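> When the letters of the sequence shown are read in order and numbered with full-length UniProt numbering, they come out as residues 1 to 110.
Bear in mind the hints are in silico, worked out from the structure with no lab data behind them.
The model shown is predicted, which means the values in this text are computed figures rather than measured ones.
Mixed in with the good hints there might be a few duds.
[Unchecked claim] Pair ranges (Cβ atoms, derived):
(1) Leu90 with Arg37: 40 to 50 angstroms
(2) Ser40 with Leu60: 44 to 54 angstroms
(3) Ala91 with Glu67: 48 to 58 angstroms
(4) Ser40 with Glu67: 16 to 26 angstroms
(5) Ser40 with Thr92: 15 to 25 angstroms
A virtual CB, placed ideally from N, CA and C, is assigned to each residue, including glycine.
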Amino acid sequence: MPKSTTKSTTKSTAKNAAKQAPQQAPQQASEEQSPERTPSYEQAREELTEVVRRLETGGLTLEQSIELWERGERLAAICEEWLQGARAKLATAMAQRQDPRQNGPVDAPF
């Protein structure tokens with residue numbers, strides 16, 4: 001076989017093997033296909049925990065490990081966004097608590 005045919009055959013075989021690899025988390029695939037839906041903090045944290053567990057367990061191909069790592073990075077960013085939003089809300093609430101004038105009129109209407 002000429003080298004160019006061998007390379008294309010090898011590439012297509014690798015692609016087919018990747019396609020045939022079992023997906024251990026079907027939820028991940030559906031969530032990745034609909035990026036407009038952001039998971040809740042709890043959902044993202046739970047999935048991130050599962051990603052870390054799978055990476056630590058091992059037995060994955062390099063490609064699977066990289067894909068999981070990338071998913072974990074996206075989930076960590078989602079968790080961080082939720083936490084930043086919660087911190088901002090708490091800071092606002094604490095500031096209003098310390099300065100009651102921001103909550104409305106302090107003077108009695110009479």
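> Does each hint fit the structure? Answer for all of them.
These are the hints, each one checked on the structure:
Between Leu90 and Arg37 the C-beta distance comes to about 26 angstroms, which lies outside the given range of 40 to 50 angstroms. The beta-carbon spacing between Ser40 and Leu60, approximately 27 angstroms, falls outside the hinted interval of 44 to 54 angstroms. Range check, Ala91 to Glu67: about 37 angstroms between beta-carbon atoms, so the 48 to 58 angstroms window is missed. Distance hint for Ser40 and Glu67: a CB-CB separation of about 23 angstroms, consistent with the stated range 16 to 26 angstroms.
Distance hint check for Ser40 and Thr92: the Cβ-Cβ separation is about 21 angstroms, which falls inside the suggested range of 15 to 25 angstroms.
When held up to the earlier numbered hints, the structure conflicts with 1, 2, 3 and fits the remainder.
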